[in-house]
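Construct the complete structure from the given sequences, taking the supplied hints into account.
2 protein chains.
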Amino acid sequence: MAEIRRLSLNQATTEHWSVQQAIEGCVRHGIPSIALWRHKIKEAGLNVCVQMTRDAGLHVSSVCRGGMWPAATAKERSKRMEESRRAVDECAELDADSLVLVVGACREVPIADARTMVEDGLAALVPYARERSVRLGLEPLHPMYAGERSVLNTIDQALALARGYDADAVGVILDTFHIWWDPYVYEQIERARGRIYGLHVCDWLVPLPDVLMGRGMMGDGVADNRGLREAVDRAGYHGSIEVEIFNQTIWDTPGDAVLEQMVERFTSLV
Amino acid sequence: MAEIRRLSLNQATTEHWSVQQAIEGCVRHGIPSIALWRHKIKEAGLNVCVQMTRDAGLHVSSVCRGGMWPAATAKERSKRMEESRRAVDECAELDADSLVLVVGACREVPIADARTMVEDGLAALVPYARERSVRLGLEPLHPMYAGERSVLNTIDQALALARGYDADAVGVILDTFHIWWDPYVYEQIERARGRIYGLHVCDWLVPLPDVLMGRGMMGDGVADNRGLREAVDRAGYHGSIEVEIFNQTIWDTPGDAVLEQMVERFTSLV
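Order-wise, the sequence lines are chains B and Y. FYI, in my numbering the residues of the first sequence are 360 to 629. FYI, in my numbering the residues of the second sequence are 360 to 629.
Honestly, the hints are just simulated from the structure, not real lab data. Worth double-checking, as some hints may not be accurate.
[Said to hold, decoys possible] Taking beta-carbon pairs under 8 Å as the criterion, some of the chain Y residues facing chain B (in silico):
| id | residue |
| --- | --- |
| 1 | 405 |
| 2 | 461 |
| 3 | 466 |
| 4 | 482 |
| 5 | 485 |
| 6 | 486 |
| 7 | 487 |
| 8 | 490 |
| 9 | 501 |
| 10 | 502 |
| 11 | 507 |
| 12 | 512 |
| 13 | 563 |
| 14 | 572 |
| 15 | 578 |
| 16 | 622 |
[As the list claims (entries may be wrong)] Residues from chain Y that keep clear of chain B, each with C-beta distances beyond 10 Å, as calculated:
| id | residue |
| --- | --- |
| 17 | 452 |
| 18 | 503 |
| 19 | 506 |
For glycine and all other residues, C-beta sits at the position ideal for the given N, C-alpha and C.
Structure below.
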């Protein structure tokens, strides 16, 4: 079973909570790590976030997120790149394990071109991140997001992109929701050895209630969180495991009830 | 541009029409082929369908569908297999190019076990189909259906399964909605050379309005139907191209208006 020392609250799970509330929640429930989202960091102020996580003794497993490179205009792409640099800065200040990169997608840009924009965006970001000792974690998103959120859709594809850089510069973030269906997922996890920067868990509900907000708590769906976590362990990753759940019902539930269930499910099912 | 002689109306596009109405619609709009669904064949009667398609001079590109093998009990699996044999029979009677296999998925069966049930189901069906000269077309479905409809989710995976049999016994059915996102889709189509039994087109809408009913008319979304069709041509497939669209708005539109737009979009965009 997964040890609670590896558990990290990804702040997306408690969307209604501020950074301060999420930190206090982690402390109350014995959760040693947290992953912060940039819009929440902005609300609280970066320096305050740095101070609060330190004071609480919390480890920051990741900052979400950089990337989102494909865009219809050069001006917009330039703006996105600037945002990614700010994300790197925040990641460095918070001493997070890695910056999560959700690479983006754009209705106006053909998918092949969007993938080229991602390659170019990553190439431009890597030197900036290396100077600040920030590791960049490419997160492949489920293929159903290829039109809207991410043209990076499989572990295989993420590894092909990451391998253009040193193993301590660019890696992959694996999320069971995004990868559970892959017929070669266990082979791909093994191939990711040395490049795994993070693991996210939640569950795939059947029937899928919603494309964006349809994720479930571990145990409520069909993803083999235990099997996938063990495979990631075997591939040499022993770091934090974030619980990241986008689900309106969970967002509408009091945060302490969510964290209580999350700890219970994590320690018994992951 | 795709020639209209390759166009086939997959009956799912005009769900509100009977077989007779769909056949008459094809004749009115100069569509030379049709793909029939089994629940519609049952309503009309198999012999009537055979006679009507012959009288109308229509080619039957496929029968939808066999498969759906994974199930929680042996009894249910046996029932599904019996249904697949009936689907083969109907395919033979209608002289269709192939039987479309949607392999199924089951909430109660872990995905790895479900994939084994699919392998076993196919192995049991192939001899029966060969005796009746019916070709079996494995259709990989989009990974978002892995929990509900199909544990066969990529061209690569479908080819691995098909290659256990002769190239004139088991092949693949490619649907742009299901495969457009694949980072290696063009390489995979080339690898499918000699095994491509059919091509389905529609479009991927952004944002995706619904998991099951969110498909769009060609040109309304982001799938590169032209590029994918040309790649399939280059890989040696020159048979029928079905338009298969599950979309409530299209289902609520008068069938003749749907067929008119379908012919226009097919000849100008596919």
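Structure-based check of all given hints:
{"no.": "1", "hint": "405", "verdict": "32 Å, violated"}
{"no.": "2", "hint": "461", "verdict": "15 Å, violated"}
{"no.": "3", "hint": "466", "verdict": "5 Å, holds"}
{"no.": "4", "hint": "482", "verdict": "18 Å, violated"}
{"no.": "5", "hint": "485", "verdict": "20 Å, violated"}
{"no.": "6", "hint": "486", "verdict": "25 Å, violated"}
{"no.": "7", "hint": "487", "verdict": "26 Å, violated"}
{"no.": "8", "hint": "490", "verdict": "30 Å, violated"}
{"no.": "9", "hint": "501", "verdict": "7 Å, holds"}
{"no.": "10", "hint": "502", "verdict": "4 Å, holds"}
{"no.": "11", "hint": "507", "verdict": "6 Å, holds"}
{"no.": "12", "hint": "512", "verdict": "6 Å, holds"}
{"no.": "13", "hint": "563", "verdict": "6 Å, holds"}
{"no.": "14", "hint": "572", "verdict": "12 Å, violated"}
{"no.": "15", "hint": "578", "verdict": "14 Å, violated"}
{"no.": "16", "hint": "622", "verdict": "25 Å, violated"}
{"no.": "17", "hint": "452", "verdict": "34 Å, holds"}
{"no.": "18", "hint": "503", "verdict": "4 Å, violated"}
{"no.": "19", "hint": "506", "verdict": "4 Å, violated"}
In terms of the numbered hints stated before, the structure departs from hints 1, 2, 4, 5, 6, 7, 8, 14, 15, 16, 18 and 19, listed from lowest to highest.
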